[in-house]
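Given chain A's structure and the hints, the job is docking chain B onto it.
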Amino acid sequence: MQILYFAWVREKIGRAGDDIALPPGVTDIAGLMRHLAALSPGHAAAFANPTAIRAAINQDFARPEDAVTNGDEVAFFPPVTGG
Amino acid sequence: MARIAVQEAEFDVSAETALLTAGRRDIGAVASFIGICRADDGLAAMVLEHYPAMTERAMQKIAAEAQSRWPLTGCTLIHRVGRLEPGAPIVLVLTASAHRQAALESCAFLMDWLKTKAPFWKREEFTQGAARWVEARAEDDAAAQKW
Chain A
0 MQILYFAWVR
10 EKIGRAGDDI
20 ALPPGVTDIA
30 GLMRHLAALS
40 PGHAAAFANP
50 TAIRAAINQD
60 FARPEDAVTN
70 GDEVAFFPPV
80 TGG
Chain B
0 MARIAVQEAE
10 FDVSAETALL
20 TAGRRDIGAV
30 ASFIGICRAD
40 DGLAAMVLEH
50 YPAMTERAMQ
60 KIAAEAQSRW
70 PLTGCTLIHR
80 VGRLEPGAPI
90 VLVLTASAHR
100 QAALESCAFL
110 MDWLKTKAPF
120 WKREEFTQGA
130 ARWVEARAED
140 DAAAQKW
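Sequence order for the protein chains is A and B.
One point on numbering: in numbering that gives the first Met the number 0, the residue at position 17 of the first sequence is 16, and numbering is uninterrupted.
One point on numbering: in numbering that gives the first Met the number 0, the residue at position 12 of the second sequence is 11, and numbering is uninterrupted.
These aren't lab readings, by the way, just hints derived from the structure by calculation.
Straight-line C-alpha distance at most 30 Å; calculated DSS-like pairs for lysine-lysine:
id, chain 1, residue 1, chain 2, residue 2
1, B, K60, B, K116
2, B, K121, A, K11
3, A, K11, B, K116
None of these values were measured; they are calculated from a predicted model.
Next comes chain A alone, as it looks inside the complex (with noise of 0.2 Å):
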């Protein structure tokens, strides 16, 4: 599945993405956020306080307890400051 990162995500984990699949066990946002915190001191550094960050899944904005799927794109993110 592909994973996205924006602004202080995409500049913590030193990279615009990873292409991971799902492991086994891990069936929503905040369990894939907890995977992914686990691959490197820049994720771990990134996830570090799950409550600081906004998800998507396939462009819509979800919640932690959402569901996820091998074949999503999902993104992480901070909260959003456009406008």
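Here is chain B on its own, set in the frame of chain A:
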């Protein structure tokens, strides 16, 4: 019914207003909002990042919500991305309706929702070389929730 654009280039308010009202005789009011980059605390520039695959889709949803709540003949949402210096326009919202109340209210609504429900992020660059990501403001969330 909604014209949505995400672009680096500056927008032309007169041309956009003409486009919104062209060929119509039922519009009695056009409301506009232009957001402009402000030079707070020695700001040199603002760099706007977005999530290209999601941005226009999110803006279409916001526009559809406005059109379901107010009797609009049309609306325009244009958001710039990239590096913008103080004084540069960032965002344009135009709403058109038969009467002013719908135009004015929906224009305010669209801005409140654009700030909190479209995937844009602002990074501030300062004259001394420092840079920081703008943090979301609780006031903006409260403004979006009041509608």
